[in-house]
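2 protein chains.
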Amino acid sequence: MAERESQVVLGLDPDPGALWPQRDAAREQATGDATQRAAAAVLAHCRAVIDATAPAVVAVKLQLARFELLGAPGRAVLAQVAEHARSRGLLVIADGKRGDIDVTAAAYAAGLFGGTDSPFGWIEGLRADLATVNPLMGVDALEPFVATARDSGAGVLVLVRTSNPGAADVEDLSVRGGGAVWERVAAIVDALGAAGVGEHGLSDVGAVVGATAPGHLARARELMPCATFLLPGVGAQGGRVDDLGAAFSPGRAGGLVAASRSIVGAYLSPEHSADGERPERAARAEAERLRESAWALSGA
Amino acid sequence: MAERESQVVLGLDPDPGALWPQRDAAREQATGDATQRAAAAVLAHCRAVIDATAPAVVAVKLQLARFELLGAPGRAVLAQVAEHARSRGLLVIADGKRGDIDVTAAAYAAGLFGGTDSPFGWIEGLRADLATVNPLMGVDALEPFVATARDSGAGVLVLVRTSNPGAADVEDLSVRGGGAVWERVAAIVDALGAAGVGEHGLSDVGAVVGATAPGHLARARELMPCATFLLPGVGAQGGRVDDLGAAFSPGRAGGLVAASRSIVGAYLSPEHSADGERPERAARAEAERLRESAWALSGA
Chain A
-14 MAERESQVVL GLDPDPGALW PQRDAAREQA TGDATQRAAA AVLAHCRAVI
36 DATAPAVVAV KLQLARFELL GAPGRAVLAQ VAEHARSRGL LVIADGKRGD
86 IDVTAAAYAA GLFGGTDSPF GWIEGLRADL ATVNPLMGVD ALEPFVATAR
136 DSGAGVLVLV RTSNPGAADV EDLSVRGGGA VWERVAAIVD ALGAAGVGEH
186 GLSDVGAVVG ATAPGHLARA RELMPCATFL LPGVGAQGGR VDDLGAAFSP
236 GRAGGLVAAS RSIVGAYLSP EHSADGERPE RAARAEAERL RESAWALSGA
Chain B
-14 MAERESQVVL GLDPDPGALW PQRDAAREQA TGDATQRAAA AVLAHCRAVI
36 DATAPAVVAV KLQLARFELL GAPGRAVLAQ VAEHARSRGL LVIADGKRGD
86 IDVTAAAYAA GLFGGTDSPF GWIEGLRADL ATVNPLMGVD ALEPFVATAR
136 DSGAGVLVLV RTSNPGAADV EDLSVRGGGA VWERVAAIVD ALGAAGVGEH
186 GLSDVGAVVG ATAPGHLARA RELMPCATFL LPGVGAQGGR VDDLGAAFSP
236 GRAGGLVAAS RSIVGAYLSP EHSADGERPE RAARAEAERL RESAWALSGA
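Heads up: the protein sequence lines correspond to chains A and B, in order. Using this note's numbering, you'd call the opening residue of the first sequence number -14 and step up by one each time. Using this note's numbering, you'd call the opening residue of the second sequence number -14 and step up by one each time.
It cannot be assumed that every hint is accurate.
What the hints assert, rightly or not - Listing some non-contacts, in silico: residues in chain A with all C-beta distances to chain B over 10 Å:
#1 D18
#2 R22
#3 R60
#4 R71
#5 A95
#6 E109
#7 V124
#8 A132
#9 R161
#10 E184
#11 A203
#12 A231
#13 P255
#14 S258
#15 A270
#16 E273
Stated by the list, open to error - To give a feel for the contact side, a few chain B residues facing chain A, derived at Cβ under 8 Å:
#17 P1
#18 S72
#19 H185
Simulated from the structure, these hints should not be mistaken for lab results. The structure presented is a predicted model; accordingly, all values stated were derived computationally and were not measured. Don't be surprised by glycine CBs; every beta carbon is placed ideally from N, CA and C.
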């Protein structure tokens, strides 16, 4: 982050119906059935978006749902996109929000991080640097993710207070004895991360805290002083960089500002489309704008 | 269920290190890298388990984590196992416990149920009959799953009170104003399911209620009178069929009794291994034993 002076995470959740226009070339060229052709086009699109924005961002956040929708070819493309991001010096965040009982959580973690041994030989994982996880099932469902990530030099990002309106339905419920459900989850995050705090004072157990509810940020930081916050919801979901100051109180690496549609779809906005700007140029400009405002804010 | 006189769900969460012994033959025959060979062996194992137990069960529950671990070959095998289960007349439950914001939930749902249209043609989904979903992010994160399932003649199973010890950490928190978090989720399940109640009085929005906490079952049934309950945790996790009576109060289809390790690993238990029983025979005997006890209990 220091090297790139950026906290921006490029969110990739490629909809086969809304790829960058010139990616249509891939549609013509690709062979195979509909799923294979869609997967090939998604790969071309993701590579183009990464190439356009890489200098302004520190990581890609891959929305696993979009790749899963494309079956086996989608899973192959997911690995190729992760590899392409790594080749550009970017961290890879696997955004799958997984959560399950211990043995199952361990299987998910092996698949997302380093991989696993088997009687058939080594089974390679996705080698993500961070993965989002769901805490509903409690501490024993989170521990295998934390342990596996720690072994791999990776980390986890626990859903604490998400960016969607429905977060109010369960996460915001008031608990008898004080606090909301999400604040109890925040305490779990802080406890799980205590053994994983590194030299810069940040832990390998981070938190997802929606940028659309900035009022929660200061409280979240109080409860999780060592957690890196992944801040989704900037742009398309209404979050603003200027509201994210509390995320950066442990230092500039305290917050990762995630933006998906606002970067990838920048060329469709009135500002850019009026000039007939190419998607690459508009995406780079938007990523750069976010980078600058977050970097300035975090240093204030 | 009436036709087969069974409420038993065969859980398949194949660990490449613990497949049925004779599946080693597949290991020798299969070509490709470690992941491809493991996936081929997993496919052979799952087909054998399904063939051995199909007459005693109504559905397979596929643990998506285990297939994800095997990358693109694993995703192809997942579809093949689902197809094999369907060919034996079994329902397919995709156990992935997904949950995310609206557009992402819609992508997950399309992949798990019928599929989706795209500029590249129709992208086939897994065509699951039921999928487990995680309610942490609230109603707007559940609705796309419910809507897509309803359009496909399928259903969802919402995590309400899970079978692991960690369920106490978040699901059991007492909410100010009354009830636990899981009881609030139960109310959401009941409300979402109201428009999907069929001729037998059961809804297309069901609930996962762990068999290891039978004390919660009666209360769960009170809160969700029309929900089908998926009851995991019988056997290896300590749950007992005799404790599940409340699940069946709306009728025999009110409860699905899920067992994974207790069926697949039955041949390793002292009772069976002493006789040198083959895995097929032991699995069938255990599935049959569960079938009989659940069917008798549900008719009482």
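Problem set entry | Distal placement of S258 (chain A) relative to chain B, Cβ over 10 Å | 20 Å, holds
Exercise. Since P255 (chain A) was said not to touch the interface, does its Cβ keep a gap of more than 10 Å from each Cβ of chain B?
Worked result: Holds, since 22 Å exceeds 10 Å.
For this session: With a cut-off of 8 Å on the beta carbons, see whether H185 (chain B) makes it to chain A.
Result: Where the cut-off is 8 Å and the nearest Cβ of chain A is about 29 Å from H185 (chain B), the hint is violated.
For this session: Could you check that no beta carbon of chain B comes within 10 Å of the beta carbon of R71 (chain A)?
Result: 17 Å, holds
For this session: Double-check S72 (chain B) for me: the hint is only fine if its C-beta lies closer than 8 Å to a C-beta in chain A.
Result: With a closest approach of 19 Å, the S72 (chain B) hint is violated.
For this session: Against chain B, does E273 (chain A) hold up as non-interface, every C-beta pair farther apart than 10 Å?
Result: 25 Å, holds
For this session: Verify that the Cβ of D18 (chain A) lies farther than 10 Å from every Cβ atom of chain B, and report whether the claim holds or is violated.
Result: D18 (chain A) not clear of chain B: closest Cβ-Cβ about 7 Å, inside 10 Å.
Problem set entry | Given as non-interface: A270 (chain A), partner chain B, CB spacing beyond 10 Å | 24 Å, holds
Problem set entry | Given as non-interface: E109 (chain A), partner chain B, CB spacing beyond 10 Å | 7 Å, violated
Exercise. With d taken as the least Cβ-Cβ distance between E184 (chain A) and chain B, does d exceed 10 Å?
Worked result: Answer for E184 (chain A): holds, closest chain B Cβ roughly 30 Å.
Exercise. Taking the closest pair, is the beta carbon of A95 (chain A) still more than 10 Å from chain B?
Worked result: 6 Å, violated
Problem set entry | Least C-beta distance from R161 (chain A) to chain B larger than 10 Å | At about 4 Å from chain B, R161 (chain A) fails to clear the 10 Å cut-off, so the statement is violated.
Of the numbered hints listed earlier, those contradicted by the structure are 1, 2, 3, 5, 6, 7, 9, 18 and 19.
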